[in-house]
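Participant: The chain contents come next:
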Amino acid sequence: MIFLQLFITFFQIGLFGFGGGYGMLSLIQGEVVHHWGWMSTAEFTDIVAVSQMTPGPIGINSATYCGYTAVHNAGMGETAALLGSCVSTFALVLPSLILMILISKLFIKYMKHPTVQSVFAGLRPAVVGLLAAATLLLCTKENFSTPKEDAWQFWISVFLFIATFVGTKVFKINPIKLILMAGFAGLLLLY
Amino acid sequence: MFKLFSTFFKIGMFTLGGGYAMIPIIEAEVVDKHKWVTKEEFLDLIAIAQSCPGVFAANISIFIGYRLKKIPGAIITCLGTCLPSFLIILLIAMFFHRFQDNPVVASIFRGIRPAVVALIAVPTFNLAKSAGITWATCWIPIGGALAIWLMGVSPILIILLAAIGGYIYGALIKPTE
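Which chain is which? The protein sequence lines are R and H, in order.
Per the working numbering, the first sequence starts with residue 180, numbered consecutively.
Per the working numbering, the second sequence starts with residue 24, numbered consecutively.
Hints listed in this document are in silico derivations from the structure and should not be mistaken for laboratory results.
Among the hints, erroneous ones may be present.
Unchecked claim - Derived pair list, reagent style DSSO-like, types lysine-lysine, alpha-carbon separation capped at 30 angstroms:
hint, chain 1, residue 1, chain 2, residue 2
1, R, LYS288, H, LYS62
2, R, LYS284, H, LYS58
3, H, LYS92, H, LYS33
4, H, LYS62, H, LYS33
5, H, LYS152, R, LYS348
6, R, LYS288, H, LYS26
7, R, LYS351, H, LYS33
8, H, LYS56, R, LYS284
9, H, LYS62, R, LYS291
10, H, LYS152, H, LYS92
11, H, LYS93, H, LYS26
12, R, LYS320, R, LYS351
13, H, LYS33, R, LYS356
14, H, LYS92, R, LYS351
15, H, LYS62, R, LYS351
16, H, LYS33, H, LYS58
17, R, LYS288, H, LYS56
18, H, LYS56, R, LYS291
19, H, LYS33, R, LYS284
20, H, LYS26, H, LYS56
21, H, LYS152, R, LYS288
Please read these numbers as outputs of a predicted model, since none were measured by experiment.
Use the sequences and the hints to build the structure in full.
Facilitator: Printed below as a string of structure tokens:
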């Protein structure tokens, strides 16, 4: 049953996931964390971290990992989890495969049509909103702790957030380098 | 056919930083080295692949595979792009589940999580800039984000509304130039 749910969920995400991997994150999170409860926000954030650090598109990386984790968390064994990651990765790219072949075959001349262009023009600002939502949804106490619960971890987290933001936005430091540095800071300060 | 697979496998294997970081690498392989498509065609395909839903790198690889070898080509290039990701993540997933509760690993990830949130926040602003968001249009992303965040509205609904909104705006008020 979970495999069918995974298939439908990731097929939907592949079909409506505008704006590339990052735009997809709020869709993936909405489904796997909030709708199905397959994993916690912290687990999802870890998956995003690993997906950013490893080669390949973030969308595919996180779909593979989410499929694995969802089945694993449901209490099934490693073989089942492997099947889960197969199903979710396949389901994610299937809409792409169908759509891109259809477009290549039939619609490539319509892609510059004013009606199609105005639909895309409407989507563009909404995708920005999707990305903003992905950020806001991850600002939870699981990821940052709270001043009440653990003030030390909370302020360290806020500092790491600001430092990483400024590091990429202003100083254009490589994101993978920043993740490694944040991990090192965690080891030193939050152990 | 094998060349198609191995080229996209290589692209999937050695590119860090997600879809958009792959563009120059795909271009070097597909346009400069193998001359499968011309530079102009490639730019057109990128524009379409970017506006369509789905993983960008998969979209562009399917386009090129289809152009060269029809449906079998599309399946081969798509597989080539996805397989390295799939295998690497699978290895990590199997490995990581054994160490997840280790206190050292847990503390490292406590540091990484806020950084990851920041790394998602940055492209939001970059995308806002390239999407040409102005004071007149900023209510769309802000409203959408708040609806998803505070009211639990499905992102899919926001996407559908935006597409319909774009269509109505283009058809009735002002055609897109």
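Participant: Which of the listed hints are broken here?
Facilitator: 10 and 14
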